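Asks: Sequence lines, in order, name chains A, B, C and D. The opening position of the first sequence corresponds to residue 1 in full-length UniProt numbering, with each subsequent residue numbered one higher. The opening position of the second sequence corresponds to residue 1 in full-length UniProt numbering, with each subsequent residue numbered one higher. The opening position of the third sequence corresponds to residue 1 in full-length UniProt numbering, with each subsequent residue numbered one higher. The opening position of the fourth sequence corresponds to residue 1 in full-length UniProt numbering, with each subsequent residue numbered one higher.
The hints are simulated quantities; they were obtained by calculation from the structure and are not laboratory data. As the structure is a prediction and not an experimental result, all values here were calculated from the model. One thing to keep in mind: the hints can contain errors.
For chains that are exact copies, the list does not tell them apart, and a pair is met inside one copy or across any two.
[To be verified] DSBU-like cross-link-like pairs, simulated, lysine-lysine; straight-line CA separation at most 35 Å: (1) K5 - K179; (2) K56 - K179; (3) K240 - K56; (4) K240 - K51; (5) K87 - K56; (6) K51 - K5; (7) K87 - K240; (8) K14 - K240; (9) K179 - K85; (10) K87 - K5; (11) K130 - K240; (12) K5 - K130; (13) K51 - K85; (14) K240 - K179; (15) K85 - K130; (16) K14 - K87; (17) K56 - K130; (18) K87 - K130; (19) K240 - K5.
Protein chains: 4
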Amino acid sequence: MRETKSGYEIFRQKTHIIIYGTNTVAGRLFDLILLGLILLSVLLVMLETVKGFDIKYHNQLILLEWIITIFFSIEYVLRIICIDKPKRYIFSFYGIIDLLAILPMYLSYFLAGSNLFVIIRALRLLRLFKILNHPHFSGQSLQLRNSLIASRGKIVAFMYFILISCILIGSLMYVVEGKESGFTSIPISIYWCIVTLTTVGFGDITPVTPLGQFIASLVMIMGYGIIAVPTGIVTAEIAKSEFKRGQDSKQKHCMNCGKDNHGDDAKFCYNCGDELDKNS
Amino acid sequence: MRETKSGYEIFRQKTHIIIYGTNTVAGRLFDLILLGLILLSVLLVMLETVKGFDIKYHNQLILLEWIITIFFSIEYVLRIICIDKPKRYIFSFYGIIDLLAILPMYLSYFLAGSNLFVIIRALRLLRLFKILNHPHFSGQSLQLRNSLIASRGKIVAFMYFILISCILIGSLMYVVEGKESGFTSIPISIYWCIVTLTTVGFGDITPVTPLGQFIASLVMIMGYGIIAVPTGIVTAEIAKSEFKRGQDSKQKHCMNCGKDNHGDDAKFCYNCGDELDKNS
Amino acid sequence: MRETKSGYEIFRQKTHIIIYGTNTVAGRLFDLILLGLILLSVLLVMLETVKGFDIKYHNQLILLEWIITIFFSIEYVLRIICIDKPKRYIFSFYGIIDLLAILPMYLSYFLAGSNLFVIIRALRLLRLFKILNHPHFSGQSLQLRNSLIASRGKIVAFMYFILISCILIGSLMYVVEGKESGFTSIPISIYWCIVTLTTVGFGDITPVTPLGQFIASLVMIMGYGIIAVPTGIVTAEIAKSEFKRGQDSKQKHCMNCGKDNHGDDAKFCYNCGDELDKNS
Amino acid sequence: MRETKSGYEIFRQKTHIIIYGTNTVAGRLFDLILLGLILLSVLLVMLETVKGFDIKYHNQLILLEWIITIFFSIEYVLRIICIDKPKRYIFSFYGIIDLLAILPMYLSYFLAGSNLFVIIRALRLLRLFKILNHPHFSGQSLQLRNSLIASRGKIVAFMYFILISCILIGSLMYVVEGKESGFTSIPISIYWCIVTLTTVGFGDITPVTPLGQFIASLVMIMGYGIIAVPTGIVTAEIAKSEFKRGQDSKQKHCMNCGKDNHGDDAKFCYNCGDELDKNS
Numbered sequence: 001m002r003e004t005k006s007g008y009e010i011f012r013q014k015t016h017i018i019i020y021g022t023n024t025v026a027g028r029l030f031d032l033i034l035l036g037l038i039l040l041s042v043l044l045v046m047l048e049t050v051k052g053f054d055i056k057y058h059n060q061l062i063l064l065e066w067i068i069t070i071f072f073s074i075e076y077v078l079r080i081i082c083i084d085k086p087k088r089y090i091f092s093f094y095g096i097i098d099l100l101a102i103l104p105m106y107l108s109y110f111l112a113g114s115n116l117f118v119i120i121r122a123l124r125l126l127r128l129f130k131i132l133n134h135p136h137f138s139g140q141s142l143q144l145r146n147s148l149i150a151s152r153g154k155i156v157a158f159m160y161f162i163l164i165s166c167i168l169i170g171s172l173m174y175v176v177e178g179k180e181s182g183f184t185s186i187p188i189s190i191y192w193c194i195v196t197l198t199t200v201g202f203g204d205i206t207p208v209t210p211l212g213q214f215i216a217s218l219v220m221i222m223g224y225g226i227i228a229v230p231t232g233i234v235t236a237e238i239a240k241s242e243f244k245r246g247q248d249s250k251q252k253h254c255m256n257c258g259k260d261n262h263g264d265d266a267k268f269c270y271n272c273g274d275e276l277d278k279n280s
Numbered sequence: 001m002r003e004t005k006s007g008y009e010i011f012r013q014k015t016h017i018i019i020y021g022t023n024t025v026a027g028r029l030f031d032l033i034l035l036g037l038i039l040l041s042v043l044l045v046m047l048e049t050v051k052g053f054d055i056k057y058h059n060q061l062i063l064l065e066w067i068i069t070i071f072f073s074i075e076y077v078l079r080i081i082c083i084d085k086p087k088r089y090i091f092s093f094y095g096i097i098d099l100l101a102i103l104p105m106y107l108s109y110f111l112a113g114s115n116l117f118v119i120i121r122a123l124r125l126l127r128l129f130k131i132l133n134h135p136h137f138s139g140q141s142l143q144l145r146n147s148l149i150a151s152r153g154k155i156v157a158f159m160y161f162i163l164i165s166c167i168l169i170g171s172l173m174y175v176v177e178g179k180e181s182g183f184t185s186i187p188i189s190i191y192w193c194i195v196t197l198t199t200v201g202f203g204d205i206t207p208v209t210p211l212g213q214f215i216a217s218l219v220m221i222m223g224y225g226i227i228a229v230p231t232g233i234v235t236a237e238i239a240k241s242e243f244k245r246g247q248d249s250k251q252k253h254c255m256n257c258g259k260d261n262h263g264d265d266a267k268f269c270y271n272c273g274d275e276l277d278k279n280s
Numbered sequence: 001m002r003e004t005k006s007g008y009e010i011f012r013q014k015t016h017i018i019i020y021g022t023n024t025v026a027g028r029l030f031d032l033i034l035l036g037l038i039l040l041s042v043l044l045v046m047l048e049t050v051k052g053f054d055i056k057y058h059n060q061l062i063l064l065e066w067i068i069t070i071f072f073s074i075e076y077v078l079r080i081i082c083i084d085k086p087k088r089y090i091f092s093f094y095g096i097i098d099l100l101a102i103l104p105m106y107l108s109y110f111l112a113g114s115n116l117f118v119i120i121r122a123l124r125l126l127r128l129f130k131i132l133n134h135p136h137f138s139g140q141s142l143q144l145r146n147s148l149i150a151s152r153g154k155i156v157a158f159m160y161f162i163l164i165s166c167i168l169i170g171s172l173m174y175v176v177e178g179k180e181s182g183f184t185s186i187p188i189s190i191y192w193c194i195v196t197l198t199t200v201g202f203g204d205i206t207p208v209t210p211l212g213q214f215i216a217s218l219v220m221i222m223g224y225g226i227i228a229v230p231t232g233i234v235t236a237e238i239a240k241s242e243f244k245r246g247q248d249s250k251q252k253h254c255m256n257c258g259k260d261n262h263g264d265d266a267k268f269c270y271n272c273g274d275e276l277d278k279n280s
Numbered sequence: 001m002r003e004t005k006s007g008y009e010i011f012r013q014k015t016h017i018i019i020y021g022t023n024t025v026a027g028r029l030f031d032l033i034l035l036g037l038i039l040l041s042v043l044l045v046m047l048e049t050v051k052g053f054d055i056k057y058h059n060q061l062i063l064l065e066w067i068i069t070i071f072f073s074i075e076y077v078l079r080i081i082c083i084d085k086p087k088r089y090i091f092s093f094y095g096i097i098d099l100l101a102i103l104p105m106y107l108s109y110f111l112a113g114s115n116l117f118v119i120i121r122a123l124r125l126l127r128l129f130k131i132l133n134h135p136h137f138s139g140q141s142l143q144l145r146n147s148l149i150a151s152r153g154k155i156v157a158f159m160y161f162i163l164i165s166c167i168l169i170g171s172l173m174y175v176v177e178g179k180e181s182g183f184t185s186i187p188i189s190i191y192w193c194i195v196t197l198t199t200v201g202f203g204d205i206t207p208v209t210p211l212g213q214f215i216a217s218l219v220m221i222m223g224y225g226i227i228a229v230p231t232g233i234v235t236a237e238i239a240k241s242e243f244k245r246g247q248d249s250k251q252k253h254c255m256n257c258g259k260d261n262h263g264d265d266a267k268f269c270y271n272c273g274d275e276l277d278k279n280s
């Protein structure tokens with residue numbers, strides 16, 4: 001005999017569908033409202049730091065932030081209640097972010113200014129990727145992620161090498177430029193070197209001596225050339241994974257002669273002329 | 001018995017050939033003059049905003065702009081008259097641009113300054129692609145466009161991720177740098193972060209504290225590294241489409257069913273099973 | 001009966017070997033001295049514009065320049081004399097450069113300051129490529145050049161599109177930013193837009209209004225994204241030509257079964273086991 | 001009869017294991033401590049140039065530097081003692097670096113300020129690559145290095161061409177801009193041209209005349225376009241080496257002659273004609 005579910009159990013199930021479901025209307029609507037509130041909340045924190053705006057609307061900003069924080073708190077509690085293994089959610093990436101997104105506001109009650117850390121809510125915007133779990137889209141994201149992970153080793157080795165170069169070039173520039181032109185210490189010179197090598201070029205520190213400008217020119221040309229390296233690494237990885245995907249989706253197997261690389265729409269084996277897809 | 005065409009009908013046909021034709025001498029000449037006038041018109045609006053020039057030649061500039069506007073108006077009316085389905089033209093991309101290109105000048109009669117929007121005529125320069133409908137050229141444009149469309153999904157996902165990073169880094173820099181060095185609000189700090197991450201580096205806002213400069217260095221190295229990602233995505237797409245095109249041109253042709261994309265070493269048509277290369 | 005050559009003819013032949021030859025010791029030495037003199041001459045013109053240096057050594061600089069110019073003049077005359085078809089040399093790319101490299105100095109006799117154009121001698125440095133006509137090196141140069149030529153069409157289309165975007169964005173920024181912050185005319189705004197879109201970012205003109213900074217952010221992200229396009233085009237072309245070269249050099253043909261894609265060091269056909277290279 | 005080893009010999013062997021070994025616990029620990037000390041030492045030199053810090057802690061900094069230097073000296077002597085062919089180590093890349101890393105400190109005893117060159121110790125950080133001689137990691141480094149070496153020829157040719165362009169464009173800008181706007185000499189103008197072409201854009205020197213800004217725009221667009229070239233070269237090389245590696249891992253093995261790189265669908269060994277895949 002099946003027990004009838006308690007009202008609490010029914011409430012849990014319904015909430016679960018709304019909060020965690022992404023395929024029902026209610027679930028989608030909830031996700032959209034949530035994303036909207038996250039965005040609004042991030043905007044509010046940003047506006048709070050704009051002086052002219054904060055002076056005029058300080059109270060309204062704080063009020064709105066509190067309303068959103070309370071909504072997020074209820075959502076957090078509901079997420080824990082309506083899931084079967086709450087610990088798994090609480091200690092997951094999104095669970096920790098969700099908690100960190102509400103804590104600063106409560107902390108600001110005791111510690112003025114800590115509400116600024118509400119900006120961590122921006123990380124909740126990553127939920128969009130969860131909502132958009134369209135197979136095509138998530139397949140592309142996954143491919144991109146795998147390519148980046150595959151090229152990680154080479155890029156770290158490259159960055160390490162760049163860093164050592166920056167220390168040496170920075171020290172050289174410190175010696176060459178002296179202290180008149182902004183190169184006041186080796187750390188500052190290294191900062192300048194990174195600014196230059198990455199082709200950012202703020203211009204807050206610039207060489208003024210001819211020799212300094214000559215070395216700077218070499219650094220720039222070097223930076224211009226080596227930007228090719230990470231790009232080349234990542235591109236090659238992406239191209240490889242593209243290529244693999246292309247191959248994987250296309251292959252058909254001939255039962256007669258065993259040839260594999262038939263086209264997408266092949267009906268007969270190109271090698272022996274036997275019909276493909278007889279049994280499948 | 002075939003009816004003789006009215007004079008109006010003949011005029012319509014001739015105009016159609018001149019305005020829409022791209023293969024006749026008259027059509028080509030018309031297109032060239034049109035492009036020249038569009039360029040001239042765009043130049044005139046630009047020069048009008050250069051103070052020293054405007055003061056000297058204001059009347060001449062306005063006169064020339066009116067002449068071109070009237071020419072464009074006549075052209076617009078003729079385009080509607082001489083086409084069989086005027087609605088399709090009016091609501092097409094080029095039709096709307098053509099209308100928007102003449103409206104601001106008439107509006108400026110009532111609303112001073114609105115003639116600045118004549119600059120929208122620059123969009124008419126896109127017509128060049130229509131004029132140059134050489135198969136080789138338009139094939140390459142199409143290939144480029146398809147590659148960009150194919151990589152759209154990945155690039156949007158990437159940009160979204162970058163934006164979230166910029167919000168977080170911008171807020172961090174706002175906290176670290178304080179308000180002395182230009183990081184006066186979170187939106188400004190986010191603006192700085194985008195300027196830095198994209199390696200533009202205006203230098204209007206730069207970090208001055210050691211910690212700020214350290215974080216900035218990390219942002220720059222990150223930006224330098226991740227420029228590889230969109231580049232890698234687009235390059236892989238272009239390479240893939242290049243590769244496909246390359247394959248297509250090498251393909252064998254089946255005399256029996258007409259299919260083209262057989263492999264290099266195919267002996268039988270994969271579609272109908274007929275032997276390939278019988279006569280060749 | 002063979003006629004004995006006149007002394008002039010012998011002189012012509014010897015000069016020809018020294019000036020045009022690149023494989024003899026004398027020819028190589030001449031080329032090296034020539035390159036050295038070109039470099040020295042370019043350096044001299046550069047130094048002449050450095051005030052502090054010019055004041056001190058003006059006379060020595062001018063003297064040295066005259067000596068080099070006279071040497072180049074003699075070389076130019078000899079090049080014409082000792083070649084069989086002087087007209088072909090005179091009107092060739094290098095012939096015109098060689099003439100332009102000596103004219104400004106003589107002109108400066110009549111027209112003060114025109115000796116600055118001696119800098120055109122820098123183009124003579126391109127001769128290095130002629131001297132280094134090592135097959136490996138020139139093969140790579142050729143491959144690079146072909147790749148760039150092959151991608152020309154797509155890059156021009158892309159640049160045209162970017163230019164139209166810059167006109168529209170520049171005008172928008174002119175309207176948005178007003179005239180307080182450096183966006184004083186549409187041409188200046190377009191200049192700013194190019195500076196920003198190419199991620200150069202001088203910082204001489206920067207947006208100050210929130211809306212202007214927002215649009216600027218979009219432009220930068222756009223610029224950061226579309227740098228991928230020319231890179232992708234060129235990379236795909238180079239990769240294609242690399243791939244082709246790789247294929248061309250490797251292919252071996254099996255006389256028995258006709259298979260083509262055997263490895264570099266294959267002795268037997270992988271398909272039928274027949275010996276390769278039987279007759280060749 | 002085997003002679004018993006002297007105590008000195010045993011000491012030598014043990015030291016060798018600690019200093020040169022990377023697979024024993026003691027060896028790894030020694031490497032880690034060494035890297036930590038190198039990093040600390042580099043940080044100390046950097047901090048010494050930061051005025052505020054140096055004034056406060058000058059004596060402590062110097063003391064620590066001397067301690068590290070003495071440790072490095074002992075290490076250097078031990079490295080020579082415990083190796084069988086000391087000359088090979090002394091004149092190797094790492095041997096020279098190790099010596100240069102200790103000399104400046106001793107020199108500073110006679111020559112004030114020379115301890116700044118201690119920064120050369122940063123090069124010792126390259127040892128990390130030696131410590132991390134994990135086959136996967138060093139394989140990737142090697143692949144990257146080979147790709148860069150393979151593309152060296154093309155990149156040097158490209159850089160030479162860029163340099164000639166910079167000389168000509170720099171001179172043009174010097175003539176166009178006159179001396180009011182920072183383009184005070186041709187070398188400075190060339191420096192500006194490199195800053196602009198590499199998209200660094202410090203903004204310390206910027207064109208102010210309309211013509212100068214127009215030329216600058218062309219330079220920027222050119223720079224934006226040609227950044228594609230080194231990137232394309234390196235990417236194509238990396239992709240090629242990736243592709244080769246991918247092929248290698250798929251290769252079939254011949255049981256008869258041991259050759260590995262057979263094609264995907266090979267039935268017979270291309271080297272000895274023996275049938276492949278007999279047992280597998």
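Asks: Next, verify each hint and record whether it holds.
Replies: Taking the hints in turn, this is what the structure says about them:
1. Proximity of K5 and K179 under a CA criterion of 35 Å is satisfied in neither setting, with 78 Å inside one chain copy and 58 Å between copies.
2. In the homo-oligomer, the alpha carbons of K56 and K179 lie at most 35 Å apart only across protomers (20 Å), although the nearest pairing inside one protomer, at 45 Å, exceeds that limit.
3. Neither within a single protomer nor between protomers do K240 and K56 lie at most 35 Å apart by alpha-carbon distance, with minima of 55 Å and 55 Å respectively.
4. In this assembly of identical chains, K240 and K51 lie within 35 Å of each other by CA distance neither inside one copy nor across copies; the values are 50 Å within and 51 Å between.
5. For the identical chains of this complex, K87 and K56 are neighbours neither inside a copy (43 Å) nor across copies (51 Å), given an alpha-carbon limit of 35 Å.
6. Taking CA atoms no more than 35 Å apart as the test, K51 paired with K5 passes in neither setting, with 55 Å inside one copy and 73 Å between copies.
7. Taking the closest pair of Cα atoms, K87 and K240 never come within 35 Å of each other, the shortest separation being 39 Å inside a single copy and 45 Å across copies.
8. Taking the shortest Cα distances, K14 and K240 never come within 35 Å of each other, neither inside one copy (45 Å) nor across copies (47 Å).
9. Neither within a single protomer nor between protomers do K179 and K85 lie at most 35 Å apart by alpha-carbon distance, with minima of 62 Å and 45 Å respectively.
10. For a Cα distance limit of 35 Å, the shortest separation of K87 from K5 inside one copy, 24 Å, qualifies, whereas the shortest one across copies, 62 Å, does not.
11. For the homomeric pair K130 and K240, the shortest alpha-carbon distances inside one copy (26 Å) and between copies (29 Å) are both at most 35 Å.
12. Taking the closest pair of Cα atoms, K5 and K130 come within 35 Å of each other only inside a single copy of the chain (30 Å); across copies the shortest separation is 65 Å, beyond that limit.
13. Taking the shortest Cα distances, K51 and K85 never come within 35 Å of each other, neither inside one copy (45 Å) nor across copies (56 Å).
14. Taking the closest pair of Cα atoms, K240 and K179 never come within 35 Å of each other, the shortest separation being 49 Å inside a single copy and 47 Å across copies.
15. When the C-alpha separation of K85 and K130 is checked against a cutoff of 35 Å, the pair qualifies only within one copy, where the shortest distance is 19 Å, while the shortest distance between copies is 46 Å.
16. For a Cα distance limit of 35 Å, the shortest separation of K14 from K87 inside one copy, 20 Å, qualifies, whereas the shortest one across copies, 51 Å, does not.
17. When the C-alpha separation of K56 and K130 is checked against a cutoff of 35 Å, the pair qualifies neither within a copy, at 37 Å, nor between copies, at 53 Å.
18. With identical chains, the CA atoms of K87 and K130 are at most 35 Å apart within one copy only, with a shortest distance of 20 Å there and 43 Å across copies.
19. In this assembly of identical chains, K240 and K5 lie within 35 Å of each other by CA distance neither inside one copy nor across copies; the values are 53 Å within and 56 Å between.
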